[in-house]
Amino acid sequence: MSDSSSSDVAAVGADLAAVGEAGAVEARNKPPEPQRQKGGKMDAKAISHRNLRNGLIFISPNFIGFILLTLLPVLSLFYIAFTKWSAFGMPVFNGLVNWVRLVHDRIFWQTVWHTFYYSLVHIPLTLAIAFGLAVLLNSKLKGRGFFRTVAFMPYVTSMVAAAQVWSMLFDPKSGPINQFLKIFVGDGNVPGWLGSTKWAMPAVIIVGTWREVGYYMILLLAGLQTIPSELYEAAELDGANGWKRFWHVTVPCMRPTLFFVMVTLTIGSFKILDLTLIMTDGGPGTTTEVLAQYIYSVAFDNGDYGYASAVSLVLLFICMVVTLIQFWYNNSKED
Amino acid sequence: MKVSRPVGALAAVSALAMLLAGCGGGGGNAQKSGASDANAFDKNAKTEITMGGWSLKMTPEFQKLVDGFEAEYPNVTIKLKEYSADDYDKQLTADISAGAQPDVFPLKNTVKYNTYAKSQGLADISDIAKKFADHKNFDDSMYKTKDGKYYALPYRADHWVLFYNKDMFKKAGVKTPDATWTWNDYTKAGEELKKKLPDAGYDANTVYPMYQHNWQSVVQSFALAQAGQPAEKTYLKGQFGYMKPFYERALKWQNEKLTIDYNTSFTNKVQYQAQFGTQKAAMMPMGTWYAASFLSQQKTGDAQKFDWGMAPIPQNPSKKVPSTPVTFGSPTGLMVSAKASGQKLAAAKKFVEWSVGEGGADVLAKLTTTPAYINDKITKDFFAADGMATDQESKDAWSKFDMKLEAPVSDATDTVQTLLKTMNSSILTGTSKTDAAINQCQEDVKNQGVLSSE
Chain A
1 MSDSSSSDVA
11 AVGADLAAVG
21 EAGAVEARNK
31 PPEPQRQKGG
41 KMDAKAISHR
51 NLRNGLIFIS
61 PNFIGFILLT
71 LLPVLSLFYI
81 AFTKWSAFGM
91 PVFNGLVNWV
101 RLVHDRIFWQ
111 TVWHTFYYSL
121 VHIPLTLAIA
131 FGLAVLLNSK
141 LKGRGFFRTV
151 AFMPYVTSMV
161 AAAQVWSMLF
171 DPKSGPINQF
181 LKIFVGDGNV
191 PGWLGSTKWA
201 MPAVIIVGTW
211 REVGYYMILL
221 LAGLQTIPSE
231 LYEAAELDGA
241 NGWKRFWHVT
251 VPCMRPTLFF
261 VMVTLTIGSF
271 KILDLTLIMT
281 DGGPGTTTEV
291 LAQYIYSVAF
301 DNGDYGYASA
311 VSLVLLFICM
321 VVTLIQFWYN
331 NSKED
Chain B
1 MKVSRPVGAL
11 AAVSALAMLL
21 AGCGGGGGNA
31 QKSGASDANA
41 FDKNAKTEIT
51 MGGWSLKMTP
61 EFQKLVDGFE
71 AEYPNVTIKL
81 KEYSADDYDK
91 QLTADISAGA
101 QPDVFPLKNT
111 VKYNTYAKSQ
121 GLADISDIAK
131 KFADHKNFDD
141 SMYKTKDGKY
151 YALPYRADHW
161 VLFYNKDMFK
171 KAGVKTPDAT
181 WTWNDYTKAG
191 EELKKKLPDA
201 GYDANTVYPM
211 YQHNWQSVVQ
221 SFALAQAGQP
231 AEKTYLKGQF
241 GYMKPFYERA
251 LKWQNEKLTI
261 DYNTSFTNKV
271 QYQAQFGTQK
281 AAMMPMGTWY
291 AASFLSQQKT
301 GDAQKFDWGM
311 APIPQNPSKK
321 VPSTPVTFGS
331 PTGLMVSAKA
341 SGQKLAAAKK
351 FVEWSVGEGG
361 ADVLAKLTTT
371 PAYINDKITK
381 DFFAADGMAT
391 DQESKDAWSK
401 FDMKLEAPVS
411 DATDTVQTLL
421 KTMNSSILTG
431 TSKTDAAINQ
441 CQEDVKNQGV
451 LSSE
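Line by line, the protein sequences are chains A and B. Quick note on numbering: the numbering used here labels position 217 of the first sequence as 217, and the sequence is numbered without any gaps. Quick note on numbering: the numbering used here labels position 26 of the second sequence as 26, and the sequence is numbered without any gaps.
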């Protein structure tokens, strides 16, 4: 899997967030360390100066990489979206031509709809299952380390290999999934999965959920472990049963983690690409072609970088709007 | 916080291209010979040039061409630079836009020719093309640009023929394909085989009379080549009605289970080599490149040993069967970098001239690869390979044909091909009816606005 550096950054960010929360709890429990005495070789100002310099040096490789490989390209995107460019020579400005084409492009609107379809089913499904698993694997369960690993495994599996295996599982005739379903719905009613215009997207969603649940489960698990056990004990003393403890202790305490997971999950869903590219190549017809794949094919297959940039901006815009709505909703709830 | 992956990749490429565009022009120039005629090739000067190729281990033709040329011109050394076969055009695009392309490199797909020709990255090689003008068995007309220049010359030219399993036809007692066949004869033979193959001992559940692979060209490019209207009046006008009868036949074949249906073949990623090579299909339209991989698979045991042959591809039934069978192909060309100059440029051009001519053709034919340059000697070399079909009909199918391009060369081809691919899967998966899918595709091409530049 060759994830772009930006998602790595997100992953690291997530880890940091989790560590930060856990660290905060630890810090609260520890007695404060004695202050470093003044009058050593360096005074506090020099130390903080040196720390700043060293800190900057340490982050500079990543930061320079970010500027060169992410920030500048993203900024140039805003210009390229208004040009015609085949990657040779300089982009030629062509005004609103790309945007007019976009409005009339049926395939584009289809891919927008498919992206929303995928996201609207995938997000709640993944969140519910990941949260359920996290709560389950947070309890004192025998062999829970094993189960945590198992749940996380799909996330580190190569998508190419996973897609191949799932394609076999989904085979309408010989696949185990339909062999099993046959017992309940009869031979004639089993879905055609990847070959069917109706069932291809659900199949993609199933695989997407299967792959990502483990990752979000780990994030939620980290969040769950920051909830002080005293709260549960107090709730129990007040006579709260399991469901009430979950609803009135776990969920409110998890709000920041849930919000973070929600935002990451949403952006991840809107920019889904590898899954459909490998499993269905957007087919049958264009029934599973999503926005990111459309950008990929316009840019790299057709060599039409100007138009692809315009479509990319739409994707960027959609992600931004959805995320802003989530932030706004989260803030309004906190007040 | 996160930038979508394609956006990131796209932007990265664009930024690199912009950075590098400023500092192009490096390399190559240092070797200027200083001679008055910079274009003359000095046979005795020590020269080193680079050549691009894909998947070098799997594709020995590049190394063999280099070896053959170096044997004849010992002072020239050619270094190979490897690209990925699947992403060749993407990698090459990045290299050309950065001015880092090798001195000589192949054009894998004619669809991209126009884009490259306009990139300023290619040297004009019209002078070599002149040397082959009006050659009987060498056609380079597909690379002639609108202003009459050549930026590539073909060294390989695979065209599509009908591979068939003689053993299966014999056991079933069905007449084998020949040059008079139309697609209707193909259908009839398929139906006959469907009935008779099970009695001849073949498993009715896994063995089919034919195998139609899931590429769009298997239907569309035959239609384009054989329907009789030039691409300028149909394809490049966004009109695809001529494909309808070809799709109706394709649907009939899969409905009658004469071939594995598109859905199964696509979702199970069926390998066409396995279908024919393990006797799961009696007939298969495929490019001549398959002969080489079939022979090597027989050696490794991936394909079974049986009697086989090549026949001319069936013709359009609604037209008179032409004396020379009309088929399609996608020639593979060689291009020279615009960055090369002096002796390097001269050596690169000499290498192209040698490779596309008889010298290179002989090397390729011995590898059972189909060269663009064909004469009697080359034909003999090709059919001398161990395990190759030896009948006269196979030789004729291989050497006598009228080849049209898989898709016409134009700025819009890439985008139109993508939309046509969608149309292909829409029809063959049964997602939409043929007429509706064709109309939709015509509408889509119009809405993309890419044909207006033609």
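Note that these hints are calculated values from the structure, not bench results. The C-beta atom is built at its ideal place from N, Cα and C for all residues, glycine as well. Incorrect hints may have been included.
Listed below are several chain B residues computed to face chain A (Cβ distance under 8 Å; list not exhaustive) [claimed, not checked]:
#, residue
1, G99
2, S141
3, M142
The calculated lysine-lysine pairs, modelled on DSSO-like cross-linking and capped at a C-alpha distance of 27 Å, are [unchecked claim]:
#, chain 1, residue 1, chain 2, residue 2
4, A, K84, B, K269
5, B, K269, A, K182
6, A, K198, B, K244
7, A, K173, B, K196
8, B, K244, A, K173
9, B, K118, A, K84
10, A, K173, B, K146
11, A, K84, B, K112
12, A, K84, B, K280
13, B, K194, A, K173
14, B, K257, A, K182
15, B, K237, B, K146
16, A, K173, B, K144
17, A, K198, B, K257
18, B, K433, A, K84
Covered stretches of chain B (chain A as the covering partner; in silico rule of three or more C-beta atoms under 8 Å from a C-beta of chain A) [stated by the list, open to error]:
#, region
19, 118 to 124
20, 442 to 448
Subject >> Structure versus earlier hints - violations, ascending order >> reply: Violated hints (numbers, rising): 1, 2, 3, 4, 8, 10, 12, 16, 18; every other hint is consistent with the structure.
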